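Number of protein chains: 2
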Amino acid sequence: MKKGPLIEKDSFNLIGKEMKKDFDSFHLPIVKRIIHATGDFQFEDTIRFHPDAVKCGVEAIRRGLDIVVDVKMVAAGVNKKALAKFGCNVVCRISDEDVEQTALRFSLTRAEAAFQMILSEGTASNIGIIAIGNAPTALIKTMEIIDAGGFSPALVIGVPVGFVKAEESKDMLSQKNYPFITCLGKKGGSPVAAAIINALVIIAGENK
Amino acid sequence: MKKGPLIEKDSFNLIGKEMKKDFDSFHLPIVKRIIHATGDFQFEDTIRFHPDAVKCGVEAIRRGLDIVVDVKMVAAGVNKKALAKFGCNVVCRISDEDVEQTALRFSLTRAEAAFQMILSEGTASNIGIIAIGNAPTALIKTMEIIDAGGFSPALVIGVPVGFVKAEESKDMLSQKNYPFITCLGKKGGSPVAAAIINALVIIAGENK
Numbered sequence: 001m002k003k004g005p006l007i008e009k010d011s012f013n014l015i016g017k018e019m020k021k022d023f024d025s026f027h028l029p030i031v032k033r034i035i036h037a038t039g040d041f042q043f044e045d046t047i048r049f050h051p052d053a054v055k056c057g058v059e060a061i062r063r064g065l066d067i068v069v070d071v072k073m074v075a076a077g078v079n080k081k082a083l084a085k086f087g088c089n090v091v092c093r094i095s096d097e098d099v100e101q102t103a104l105r106f107s108l109t110r111a112e113a114a115f116q117m118i119l120s121e122g123t124a125s126n127i128g129i130i131a132i133g134n135a136p137t138a139l140i141k142t143m144e145i146i147d148a149g150g151f152s153p154a155l156v157i158g159v160p161v162g163f164v165k166a167e168e169s170k171d172m173l174s175q176k177n178y179p180f181i182t183c184l185g186k187k188g189g190s191p192v193a194a195a196i197i198n199a200l201v202i203i204a205g206e207n208k
Numbered sequence: 001m002k003k004g005p006l007i008e009k010d011s012f013n014l015i016g017k018e019m020k021k022d023f024d025s026f027h028l029p030i031v032k033r034i035i036h037a038t039g040d041f042q043f044e045d046t047i048r049f050h051p052d053a054v055k056c057g058v059e060a061i062r063r064g065l066d067i068v069v070d071v072k073m074v075a076a077g078v079n080k081k082a083l084a085k086f087g088c089n090v091v092c093r094i095s096d097e098d099v100e101q102t103a104l105r106f107s108l109t110r111a112e113a114a115f116q117m118i119l120s121e122g123t124a125s126n127i128g129i130i131a132i133g134n135a136p137t138a139l140i141k142t143m144e145i146i147d148a149g150g151f152s153p154a155l156v157i158g159v160p161v162g163f164v165k166a167e168e169s170k171d172m173l174s175q176k177n178y179p180f181i182t183c184l185g186k187k188g189g190s191p192v193a194a195a196i197i198n199a200l201v202i203i204a205g206e207n208k
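Those protein sequence lines, which keep their order, are chains X and R. For what it's worth, the numbering used here labels the leading residue of the first sequence as 1, then goes sequentially. For what it's worth, the numbering used here labels the leading residue of the second sequence as 1, then goes sequentially.
Extracted from the complex, chain X is given alone in its bound form (with noise of 0.2 angstroms):
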């Protein structure tokens, strides 16, 4: 076995053992992964799961449908290799001019902006998985555009970290009747959304 993945082997006998709840076998892979990729033993407390949300993400995956990240850092922590073998293109238009452009002149987030436009676009059919590790602002427009009905997808992961609106969206997501992944609290970040994205990946390619 190579090094790396060793360490991730030991690493996660280590998590199991210092685990204080019970998750079954659908929902441990992706709170485990969400400990290693922190150090954080809370988030076995504060992690909310819809109860079709492994169902849902698994089956966008195995689909190749596209997931929508709200910033590069995420982007950069999935795990893209995997994600290709299904078909599955990783989106994130933070950067983009004509984002910067609509998040000025509409007084938007960047992350926002990238958020409304991708997801108003006729490209939306092809999203499975939103993926939010940063913005409250692109969770609160999502989940607005959700609720007029503009969009449908697979799974909602939110779990944006911070101080200005990322209890309240996360709270907001946990009482949603679609599929979500969210993280009470003030914690969250773009190493639990890619950790959550690459749980679903693993699961996605066993027993299929």
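It cannot be assumed that every hint is accurate.
Intra- or inter-copy, both count: the list cannot distinguish identical chains.
[As the list claims (entries may be wrong)] No more than 25 angstroms apart at the CA atoms, straight line, and that leaves these computed lysine-lysine pairs for DSS-like: (1) Lys20 / Lys80; (2) Lys55 / Lys85; (3) Lys3 / Lys20; (4) Lys85 / Lys9; (5) Lys85 / Lys72; (6) Lys81 / Lys17; (7) Lys165 / Lys2; (8) Lys2 / Lys176.
Because the hints were derived from the structure by calculation, they are not lab data. In this text the structure is predicted, and so the values were computed from the model without any measurement.
Dock chain R against chain X, hints included.
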């Protein structure tokens, strides 16, 4: 003011109010930015600075020296526009094919192999800052090369997250007599490494 920077300003005000410890004006913006990136006030307690760390890191940026990072998430998280104004390049070789081959051949992790190759090349003289957010193996390799007299960077930012050697490697770094920034315990990660670099770049642009 743009919406994104406005939210950031509000966040920093909220963080300042919730902080429990006093930091001087040289260290405070770095600690605040770490808490901003993680939503986690525990870093107030775990952060460790060598007395010359900020000064040396800021000087390295002002001189336009390279910043070597272990993983792509750190590279994705740093403000490359701001760094480019100083002429600083961000170097990340973890996905290079020759790095992968060296890792396999010598049973190293890819990050470890990348650092061994980068730091033993002639180009090492242009390196100012080493920043490690994920791979304790890369941090240990860096400390070995520095201790052997092979290389002397301006600053080592060593904040790997994790369960295998992360704590030990950061304990070791916190006792070094060359400039370092680290955080004790399991927590850390790419957002912490990127936050430290981004705080240093802002300081580098002030009071020149």
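Outcome of the hint check:
1. Lys20 / Lys80: Neither. Shortest intra-copy (32 angstroms) and inter-copy (40 angstroms) distances fail the 25 angstroms Cα cut-off.
2. Lys55 / Lys85: within (19 angstroms within a copy, 46 angstroms between copies)
3. Lys3 / Lys20: neither (28 angstroms within a copy, 40 angstroms between copies)
4. Lys85 / Lys9: within (23 angstroms within a copy, 41 angstroms between copies)
5. Lys85 / Lys72: both (21 angstroms within a copy, 20 angstroms between copies)
6. Lys81 / Lys17: neither (30 angstroms within a copy, 43 angstroms between copies)
7. Lys165 / Lys2: between (42 angstroms within a copy, 17 angstroms between copies)
8. Lys2 / Lys176: neither (42 angstroms within a copy, 30 angstroms between copies)
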